[in-house]
Amino acid sequence: MFNNLQVFLIISTILFILGILAILTRKNAISILMGIELILNSAGLNFVAFSKFSSGNLNGQIFALFIILLAAAEAAVALAIFLGLYRQRKTVFVDQASELKQ
Amino acid sequence: MNFQDIAILFFGLLTILSATFVTFSPKILYSAFSLLFTFFGVAALYLILSADFLAATQVIVYVGGILILIIFGVLLTARITNLEILEQTQQRFIALLPIGSIGLGLILLILFTNWPINLLPNEPTTATIGKKLILTYVIAFEASSVLLIAALIGAVRLGRERNDENVQ
Numbered sequence: 002m003f004n005n006l007q008v009f010l011i012i013s014t015i016l017f018i019l020g021i022l023a024i025l026t027r028k029n030a031i032s033i034l035m036g037i038e039l040i041l042n043s044a045g046l047n048f049v050a051f052s053k054f055s056s057g058n059l060n061g062q063i064f065a066l067f068i069i070l071l072a073a074a075e076a077a078v079a080l081a082i083f084l085g086l087y088r089q090r091k092t093v094f095v096d097q098a099s100e101l102k103q
Numbered sequence: 173m174n175f176q177d178i179a180i181l182f183f184g185l186l187t188i189l190s191a192t193f194v195t196f197s198p199k200i201l202y203s204a205f206s207l208l209f210t211f212f213g214v215a216a217l218y219l220i221l222s223a224d225f226l227a228a229t230q231v232i233v234y235v236g237g238i239l240i241l242i243i244f245g246v247l248l249t250a251r252i253t254n255l256e257i258l259e260q261t262q263q264r265f266i267a268l269l270p271i272g273s274i275g276l277g278l279i280l281l282i283l284f285t286n287w288p289i290n291l292l293p294n295e296p297t298t299a300t301i302g303k304k305l306i307l308t309y310v311i312a313f314e315a316s317s318v319l320l321i322a323a324l325i326g327a328v329r330l331g332r333e334r335n336d337e338n339v340q
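Going down the list, the protein sequences come from chains A and B.
All you need for this note's numbering is the position in the first sequence, starting with 1, plus 1.
All you need for this note's numbering is the position in the second sequence, starting with 1, plus 172.
In isolation and in its complexed conformation, chain A is listed as follows (with noise of 0.2 Å):
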């Protein structure tokens, strides 16, 4: 009954509105982390469900795999940047550091 493309199609659009809004709507730049990490993880779902049901052949998953491979690069990446910024302005807070000099 739930076997089919259409439900992981919708549970991965659903975590990816979650995603938009938590980067929409969070002022603390590890929780918009977060967000973009949910956005990957549905983009992540979408390949695989694809690669399952439509494509019939394993094309997809290694596109999931470079995914993930780019999702840890870039969240190394970011935490090391907001850990400067915590060490040179004492916040995460997007909108108190708005501004690229002080």
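Please note: incorrect hints may appear among the correct ones.
Keeping only pairs whose Cα atoms sit at most 20 Å apart, straight-line, the calculated DMTMM-like set for lysine to aspartate or glutamate is [claimed, not checked]: (1) LYS199/B / ASP96/A; (2) LYS304/B / GLU314/B; (3) LYS91/A / GLU333/B; (4) LYS303/B / ASP224/B.
Treat the hints as calculated values from the structure; they're not laboratory data.
Predicted, not measured: the structure shown is a model, and the values here were computed from it.
Use these hints to put chain B onto chain A, whose structure you have.
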């Protein structure tokens, strides 16, 4: 309703509910821990979609790496004496309207599209993925290793204390 349907329903609901908690929880540390359940739920959905290697990679990289990094980030960028690491939000209701309409549009699009059906057989995927990575996707594979090294060096360089620059 067989066992597979129950598993899809359970893990789908787990993923969605914990992601909702990630987005709306007032305490950022709670939303970081809730992200754990989202990652596990997505890994279980990968398993249901016969992506065994990808599910293992998801657990290893996301739960073992990224989540630990995020929790470290939360704890390092807050004052330790302040146990209630509160989170502020802005313009929640203004954001909800366009995003909700986009989501509704996407779900209607998904429901009323005639998707092509071409099922993947349920079999182990690791050997095939390895062969494809080395043969078809070898340039992307090598480029991603260079990217990982660059990101690692950049993260170390950015994360260092500032007065280290003068020592050299």
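Now for the hints, and whether the structure bears them out:
For the hint linking LYS199/B to ASP96/A, the alpha-carbon distance of about 18 Å falls within 20 Å, and the restraint holds. At most 20 Å may separate the alpha-carbon atoms for a hinted pair to count; LYS304/B and GLU314/B meet this at roughly 13 Å. Restraint check for LYS91/A and GLU333/B: the C-alpha separation of about 14 Å stays at or below 20 Å, so the hint holds. Simply put, LYS303/B and ASP224/B have alpha-carbon atoms about 16 Å apart, close enough for the 20 Å limit, and the pair holds.
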